[in-house]
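Undergrad: As given, the protein sequences belong to chains A and B, one line each in that order. The first sequence begins at 1 in my numbering and counts up by one. The second sequence begins at 1001 in my numbering and counts up by one.
It is possible that some hints are incorrect.
[To be verified] Heads up, incomplete: computed chain B residues facing chain A, CB under 7 Å, no partners named: (1) D1038; (2) G1042; (3) L1043; (4) R1098; (5) N1099; (6) P1101; (7) F1104; (8) L1113.
[What the hints assert, rightly or not] Derived SDA-like pairs: lysine to any residue, alpha-carbon spacing no greater than 25 Å straight-line: (9) B:K1003 with A:E61; (10) B:K1013 with B:L1041; (11) B:K1071 with A:K73; (12) A:K55 with A:T5; (13) A:K70 with A:T18; (14) A:K73 with B:K1013; (15) A:K73 with B:D1059; (16) A:K73 with B:Y1010; (17) A:K70 with B:N1097; (18) B:K1057 with A:T5; (19) A:K114 with A:K70; (20) B:K1003 with A:P41; (21) A:K78 with B:K1053; (22) B:K1013 with A:P41; (23) A:K55 with B:N1097; (24) A:K55 with B:Q1100; (25) A:K78 with B:R1009; (26) B:K1003 with A:T5; (27) B:K1071 with B:G1016; (28) B:K1057 with A:T109; (29) A:K114 with B:K1057.
If you are wondering where the hints come from, they were derived from the structure by calculation, not from laboratory data. Quick reminder that beta carbons are idealized off the backbone N, C-alpha and C, glycines included.
Chain residues, written in single-letter form:
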Amino acid sequence: AQTVTQSQPEMSVQEAETVTLSCTYDTSENNYYLFWYKQPPSRQMILVIRQEAYKQQNATENRFSVNFQKAAKSFSLKISDSQLGDTAMYFCAFTRGFTSGTYKYIFGTGTRLKVLA
Amino acid sequence: DVKVTQSSRYLVKRTGEKVFLECVQDMDHENMFWYRQDPGLGLRLIYFSYDVKMKEKGDIPEGYSVSREKKERFSLILESASTNQTSMYLCASSPPNRNQPQHFGDGTRLSIL
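Using the sequences and the hints given, assemble the complete structure.
TA: What follows is the structure, encoded as structure tokens:
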């Protein structure tokens, strides 16, 4: 079965510090896509960052970057200079393809991050 | 700006009722999804649709059905609501390319009494 594991249910970080959220996944596919989503309290889930598995270079979006280790099937998210607005639930996900040509997303159980003032 | 709109933010229903959750997207996306979100379980896929009138079961379809009569609208139906269906329900849409992210609605918090 293809799964996504987020082993840290909750984390906290001081404002302006750096924090890393871990994610491991299991797939037999060679070409897939990985995502980190952010869900602020009582607000909409939004995309933080995306990584294509065939690209070795780690994706970066402003203060957010990933450490993608394909052989280890690891996809961690690093948040630099943490801000109070980063307080949210973070979900790791990847897309799984079907023979029909459709695909679906597999999500982890989430990490609740609290940024402390 | 892209928009996925769920008809209700909060909904309270009684056991045994037939419940409809509506979702509309304005991005002309082919794919639409219904998830339920429960603490410690993450997002679990109930159903998804890759075209009008086309659907596939997700991981937890039991007790649910869906309808997609128009491209922009995807409805989730609880045939006979039960208390274990109390949850947060999220709708999402995406283009057909699997490298594209999903766009989510605000969610419907459904309570079954």
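Undergrad: If a hint holds in the structure, say so; if it does not, say that too.
TA: These are the hints, each one checked on the structure:
1. D1038: violated, 10 Å
2. G1042: holds, 4 Å
3. L1043: Since chain A brings a Cβ to about 4 Å from L1043 (chain B), closer than 7 Å, the hint holds.
4. R1098: holds, 4 Å
5. N1099: holds, 5 Å
6. P1101: holds, 4 Å
7. F1104: holds, 4 Å
8. L1113: With Cβ-Cβ at 22 Å, over 7 Å, it is violated.
9. B:K1003 with A:E61: holds, 22 Å
10. B:K1013 with B:L1041: Measuring from Cα to Cα gives roughly 23 Å; hence the hint holds.
11. B:K1071 with A:K73: violated, 36 Å
12. A:K55 with A:T5: Given that 25 Å is the threshold and the Cα spacing comes to 22 Å, the pair holds.
13. A:K70 with A:T18: holds, 23 Å
14. A:K73 with B:K1013: Given pair K73 (chain A), K1013 (chain B) is violated - Cα atoms ~42 Å apart, limit 25 Å.
15. A:K73 with B:D1059: Measuring from Cα to Cα gives roughly 23 Å; hence the hint holds.
16. A:K73 with B:Y1010: The hint is violated at about 38 Å.
17. A:K70 with B:N1097: holds, 21 Å
18. B:K1057 with A:T5: holds, 22 Å
19. A:K114 with A:K70: violated, 28 Å
20. B:K1003 with A:P41: It holds: about 19 Å lies between the C-alpha atoms, which stays within 25 Å.
21. A:K78 with B:K1053: At roughly 41 Å apart (the allowed maximum being 25 Å), K1053 (chain B) and K78 (chain A) break the hint.
22. B:K1013 with A:P41: holds, 24 Å
23. A:K55 with B:N1097: Status holds; Cα separation ~17 Å.
24. A:K55 with B:Q1100: With a Cα-Cα distance of about 15 Å, the restraint between K55 (chain A) and Q1100 (chain B) holds, given a limit of 25 Å.
25. A:K78 with B:R1009: Status violated; Cα separation ~32 Å.
26. B:K1003 with A:T5: Violated, at roughly 29 Å.
27. B:K1071 with B:G1016: Cα-Cα ~29 Å, so violated.
28. B:K1057 with A:T109: holds, 20 Å
29. A:K114 with B:K1057: violated, 35 Å
In terms of the numbered hints stated before, the structure departs from hints 1, 8, 11, 14, 16, 19, 21, 25, 26, 27, 29, listed from lowest to highest.
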